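Engineer: Since the structure of chain A is already known, use the hints to place chain B on it.
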Amino acid sequence: MVAPQRELTAQQGVGKAPPSPGERKWSGGLSFDVRLAGLLGVLLVLCAVGYATRPDSFLTEANISTMLRLAAAIGVVSVGMTFVIISGGIDLSVGSIVALSSVWMTTVATQSYGPAVMVLCALLVGLGCGLVNGLLISYGKIVPFIATLAMYASARGLAERLSGRRTQVVTETGFTTFFRGAFLGVPVLIWMLALVFAIGWVVLNRTTFGRRTFAVGGNAEAARLAGINVKRHTALVYGIAGLCCGIAALMVVARTTSGASTNGLFYELDAIAAVVIGGTLLSGGRGTLIGTLIGVLIFTVLNSIFTQNNLDTDIQNIAKGVIIIAAVLLQGITARRRRVLKT
Amino acid sequence: MSSLDRRRFLWGTTAVGATALLAGCTSNETPQSTGAALAGASGANTQPGKQVTIGFSAPAADHGWMAAMTKNARAQAEQFSDVTLKATEGTNDVNQQIAQVETLINDKVDVLVVLPFDGKALTEVGRQAMDAGIPVINVDRIFDTPLAYRTWIGGDNYRMGVNAGNYIAEQMKAKNIANPVIAEVAGIDALPLTQERSQGFKDALARSGFSVGPRVSAQFTSESGEQQTSNLLQGASRIDALWNHDDDQGIGVLAAIENANRSEFIMVGGAGSKNMMDRIKADSSVVKATVLYSPSMASSAIALARLLGQAKGIGDLAEHEIPALITTYSAVVTKDNVDQYMDVGFDS
Numbered sequence: 000m001v002a003p004q005r006e007l008t009a010q011q012g013v014g015k016a017p018p019s020p021g022e023r024k025w026s027g028g029l030s031f032d033v034r035l036a037g038l039l040g041v042l043l044v045l046c047a048v049g050y051a052t053r054p055d056s057f058l059t060e061a062n063i064s065t066m067l068r069l070a071a072a073i074g075v076v077s078v079g080m081t082f083v084i085i086s087g088g089i090d091l092s093v094g095s096i097v098a099l100s101s102v103w104m105t106t107v108a109t110q111s112y113g114p115a116v117m118v119l120c121a122l123l124v125g126l127g128c129g130l131v132n133g134l135l136i137s138y139g140k141i142v143p144f145i146a147t148l149a150m151y152a153s154a155r156g157l158a159e160r161l162s163g164r165r166t167q168v169v170t171e172t173g174f175t176t177f178f179r180g181a182f183l184g185v186p187v188l189i190w191m192l193a194l195v196f197a198i199g200w201v202v203l204n205r206t207t208f209g210r211r212t213f214a215v216g217g218n219a220e221a222a223r224l225a226g227i228n229v230k231r232h233t234a235l236v237y238g239i240a241g242l243c244c245g246i247a248a249l250m251v252v253a254r255t256t257s258g259a260s261t262n263g264l265f266y267e268l269d270a271i272a273a274v275v276i277g278g279t280l281l282s283g284g285r286g287t288l289i290g291t292l293i294g295v296l297i298f299t300v301l302n303s304i305f306t307q308n309n310l311d312t313d314i315q316n317i318a319k320g321v322i323i324i325a326a327v328l329l330q331g332i333t334a335r336r337r338r339v340l341k342t
Numbered sequence: 000m001s002s003l004d005r006r007r008f009l010w011g012t013t014a015v016g017a018t019a020l021l022a023g024c025t026s027n028e029t030p031q032s033t034g035a036a037l038a039g040a041s042g043a044n045t046q047p048g049k050q051v052t053i054g055f056s057a058p059a060a061d062h063g064w065m066a067a068m069t070k071n072a073r074a075q076a077e078q079f080s081d082v083t084l085k086a087t088e089g090t091n092d093v094n095q096q097i098a099q100v101e102t103l104i105n106d107k108v109d110v111l112v113v114l115p116f117d118g119k120a121l122t123e124v125g126r127q128a129m130d131a132g133i134p135v136i137n138v139d140r141i142f143d144t145p146l147a148y149r150t151w152i153g154g155d156n157y158r159m160g161v162n163a164g165n166y167i168a169e170q171m172k173a174k175n176i177a178n179p180v181i182a183e184v185a186g187i188d189a190l191p192l193t194q195e196r197s198q199g200f201k202d203a204l205a206r207s208g209f210s211v212g213p214r215v216s217a218q219f220t221s222e223s224g225e226q227q228t229s230n231l232l233q234g235a236s237r238i239d240a241l242w243n244h245d246d247d248q249g250i251g252v253l254a255a256i257e258n259a260n261r262s263e264f265i266m267v268g269g270a271g272s273k274n275m276m277d278r279i280k281a282d283s284s285v286v287k288a289t290v291l292y293s294p295s296m297a298s299s300a301i302a303l304a305r306l307l308g309q310a311k312g313i314g315d316l317a318e319h320e321i322p323a324l325i326t327t328y329s330a331v332v333t334k335d336n337v338d339q340y341m342d343v344g345f346d347s
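Going down the list, the sequences are from chains A and B. For what it's worth, numbering that gives the first Met the number 0 labels the leading residue of the first sequence as 0, then goes sequentially. For what it's worth, numbering that gives the first Met the number 0 labels the leading residue of the second sequence as 0, then goes sequentially.
Rather than coming from a laboratory, the hints here were simulated on the basis of the structure. Owing to the predicted nature of the structure, the values given are computational and were not obtained by experimental measurement. Note that CB positions come from ideal geometry on N, CA and C, so glycine has one too. Worth double-checking, as some hints may not be accurate.
Part of the chain A face toward chain B, derived, beta carbon under 10 Å [stated by the list, open to error]: (1) Met117; (2) Gln167; (3) Thr207.
Next up, chain A with everything else stripped away, as it sits in the complex (with noise of 0.2 Å):
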């Protein structure tokens, strides 16, 4: 783990002061943040192409549903990327870890024992995963990249042994029927979504844990000074990346009826993606959570414009790649701006 450094971090700021052990960072999450500016700007530009290309269908109730409950996996995924992150690391093994889930909980086996095992089931197999990278992690001093880089690659080849790389039908129908439904007119998928996001960000922002994180990777021997047990927080925090997986895991399988091998295929570039363009620093020590939503609503928003105006995926695939830049840039640009002006 390289601990960035602080002198950057403070160049970089944009008016916050660098996080560290002894500071509350109470503004990492609500408080008006100019990034978090360009960024929704790019959102709300998306929506309005979205909404002159097809007025007739883009903003209305069912489709904005339809587009959370498709951002739903993956922004449950970026929750837990975003705190790996936050602490420095990085988690390649994300979308094996939601295969693995899936499959887990849809064996028939599993699936005998009723829905309440298989949740049970989906968020063991997510938290047990993430420990193991965990502990591989900050006791095995194996650096994150290649740990999660291994689990990446056995993770779904376990899920392929369990299946037979076959597609996995749920049968229990008391699963599909609770996470299928809604809640005061507002799909589970989506509660579950907001619960987890809400969670994060009081985990993240309100308590020592979070304060932690931040704390480990901003920097990691200042933190181990400043007496933070650095391996064991750094197991944890891999643990909750694990967990998210499992949540993950339960949501895709109750969107697809099924659990396979093939479930969670490059999860970890788009929840890497959208903790990125949300303003989370790559090398750790500050993020925020809210950036990381719309990061994935982001591309959420634009899967949906493609499909509804029947574009090709090619294009759609440029226009993702142009959109992280832009947004980076315009991140940058407005960041710089306002320090100008603050000057």
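Structural biologist: For chain B alone, kept in the frame of chain A given last:
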């Protein structure tokens, strides 16, 4: 200190318990559902002839269709008292498959049945076998040159599209819909097989003056099928027909349709999984038909290999010899004829 020990003990027990629980959840034993689709020999060909040893090599049985191919080949071989099957372990490693075929050549099998992982990569070893005097039956993924096979048998992606298009056009006309909105959920667009299917679909619809409306491409996985179809349905408030290229991704496509509470259209599947056939038979969902790309071709390949080994022709044809090219027909399975096709439906 004792409180710490107790904490450790509790955590330890929890971890062990969780592991035990998870370990109990890995079993995937299902009651055997589908039988294999077998070729019945007819006429003089039913009589057991000289013993034929058939070498069989195929990719790993890593999805429903491929698993059915291997299963069918084995079941067909067991059907004949005069056939010995030497099947190699399925592999997606081209080098390993080449080595396997070479081993079979060295074993001096009478006929080879090869479903290559990559037709181009295995062309050379196919030629080697032919040069050694072993006739090769090339299944589905075709070799680069006819010198590498005695007979090719495989499916027809273009006609899958054509037959799906024809069926949909017919249904639209029967319902008197003048300007139908016809949607398409394709597979991976970069693959030639997807392009052929889409082209056939387009051409067939054009014959009736119809065209493809909203179109998305998924990844042959149920998750991508669900995602792409969800968006497609939001963009098109009314559609009349939908063709989905692949029944494996069809599980996700159907989930999206159910989620969106849509039922105003008819859906046609592709490949012919047992799951889709069950739905067609039940007739309680939007799925009204599926276009076959049937793994029964593997059974036929074994039957052909036996005839080749015994130097017999196919009955009913005037030809003395087995034909060099056999393209299977992409039949349309509907409620009316689903019973007779249940045997070729494969588990996804």
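Engineer: Now tell me if each hint is right for this structure.
Structural biologist: Hints versus structure:
1. Look at Met117(A): its Cβ gets to within about 9 Å of chain B, closer than 10 Å, so that hint holds up.
2. The interface hint given for Gln167(A) holds, since its Cβ lies 8 Å from the closest Cβ of chain B, which is under the 10 Å cut-off.
3. Interface hint status for Thr207(A): violated, as the beta-carbon distance to the closest one in chain B is roughly 19 Å, over 10 Å.
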